[in-house]
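> Taken in order, these protein sequences are the chains called A and B. Numbered by the working numbering, the letters in the first sequence go through residues 1 to 127 in order. Numbered by the working numbering, the letters in the second sequence go through residues 1 to 173 in order.
The reader is advised that the hints may include incorrect statements.
Below 25 Å or equal to it, Euclidean Cα-Cα: the simulated SDA-like pairs (lysine to any residue) are [stated by the list, open to error]:
{"#": "1", "chain 1": "B", "residue 1": "Lys100", "chain 2": "B", "residue 2": "Lys47"}
{"#": "2", "chain 1": "B", "residue 1": "Lys126", "chain 2": "A", "residue 2": "Asn30"}
{"#": "3", "chain 1": "B", "residue 1": "Lys47", "chain 2": "A", "residue 2": "Lys5"}
{"#": "4", "chain 1": "B", "residue 1": "Lys47", "chain 2": "A", "residue 2": "Asn30"}
{"#": "5", "chain 1": "B", "residue 1": "Lys47", "chain 2": "A", "residue 2": "Leu19"}
{"#": "6", "chain 1": "A", "residue 1": "Lys29", "chain 2": "A", "residue 2": "Val83"}
{"#": "7", "chain 1": "B", "residue 1": "Lys100", "chain 2": "A", "residue 2": "Leu108"}
{"#": "8", "chain 1": "A", "residue 1": "Lys5", "chain 2": "A", "residue 2": "Leu19"}
Some chain A residues flagged as far from chain B (calculated, every beta-carbon gap over 12 Å) [said to hold, decoys possible]:
{"#": "9", "residue": "Leu34"}
{"#": "10", "residue": "Ile49"}
{"#": "11", "residue": "Val80"}
{"#": "12", "residue": "Leu85"}
{"#": "13", "residue": "Leu89"}
Just so you know, these hints were derived from the structure itself, not from any lab. Remember, predicted model here, so these are calculated numbers, not experimental data. Virtual Cβ for every residue (Gly too), placed ideally from N, Cα, C.
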Amino acid sequence: MAGIKTIIGLSFVLAIGFLLVILSSALFKNYLTLLVVATYVVAPLPNWICGRAANPDDFMESSGSGVIDFGRFLTGFFVVMGVALPTLLYHSAQIAGGAAVMSIVGGLLIYGTIISFTLFFQEEQEF
Amino acid sequence: MSSHRLFRFPKPAWLNSANTRTAGVYTAGALFAIGFYMLIDISVWSKSAMNPSDPPVHITFVDWIPGICSALGMLVINSIDKSRLSADSFSYSGNGVAWKARLVLFLGFALLAGGLAGSVTVLVLKYVVREYAWPTIWLGIGNVVGNALVMLSSAVLWVAQNMEDEYTYNLAL
């Protein structure tokens, strides 16, 4: 089961992700890549909020699933935004290529950590 | 159920699962993000140091109109409750709900198709006719690709939402 090793491993990966993103901005003296962190931190929020706003088990009321779908749509949007934003900045010569690659990899690590954390520790919240 | 089928091949079973529907909605969001950032990219790139055109060619408001039309069309199409499209065959709905739903839906699809066609028009009239070379013509091509992606995202979202209706229907039976 998800134990202390999982927590240590996940925090390790999270630290590496933050390290990559901060390096990508500090090495090149250009702090635009920090936007990636904000994007990936915001990404799980729509699912969470819309999941609370609607009851998925209610089949009689069809209006609830629209809210959930909107949350999923926004999540997909934010996840791809985390990759698209550094690419855009690199394409317009706002950041260097190395900074773009480092921030994309670091952002994916951060988001993967958040997702796997919620996956591992979901059972304990259910009752 | 099977006697009402029109086509020889049945719809594959995985198309009706809830997981496929969820994946479809996520995919629609991802496609919309790519299209949206393609539009942002051309406008940022147009003002950046990477734009080599001389005399300078920049994005004007004309280039934004197709994107605005596509986004509006997507919003209109996906705000419609799909079950209202066939509402006239049931008696629980009021008068002419399906008619109104089809009219609004038509407007949405017209906006979406108009956005794509408008982006091609901008590409041809603003960039191809004046014979710009590759790095500059990206301003037009990116516009077309972005609008096409918004349209594709809208289609994926539409299919995913229709899937959900049939899934709920099967479950209710």
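> So, for every hint listed, does it hold in this structure?
Hint check:
1. Lys100/B - Lys47/B: violated (44 Å)
2. Lys126/B - Asn30/A: violated (35 Å)
3. Lys47/B - Lys5/A: Since the Cα atoms of Lys47/B and Lys5/A sit roughly 49 Å apart, the hinted pair is violated (cutoff 25 Å).
4. Lys47/B - Asn30/A: Between Lys47/B and Asn30/A the Cα gap is close to 19 Å, so the pair holds against 25 Å.
5. Lys47/B - Leu19/A: violated (31 Å)
6. Lys29/A - Val83/A: holds (20 Å)
7. Lys100/B - Leu108/A: violated (44 Å)
8. Lys5/A - Leu19/A: holds (21 Å)
9. Leu34: Since the minimum Cβ distance to chain B is about 18 Å, Leu34/A lies beyond 12 Å and the statement holds.
10. Ile49: holds (15 Å)
11. Val80: Answer for Val80/A: violated, closest chain B Cβ roughly 4 Å.
12. Leu85: Check fails; 7 Å does not lie beyond 12 Å.
13. Leu89: Non-interface label on Leu89/A violated, nearest chain B Cβ at 8 Å vs cutoff 12 Å.
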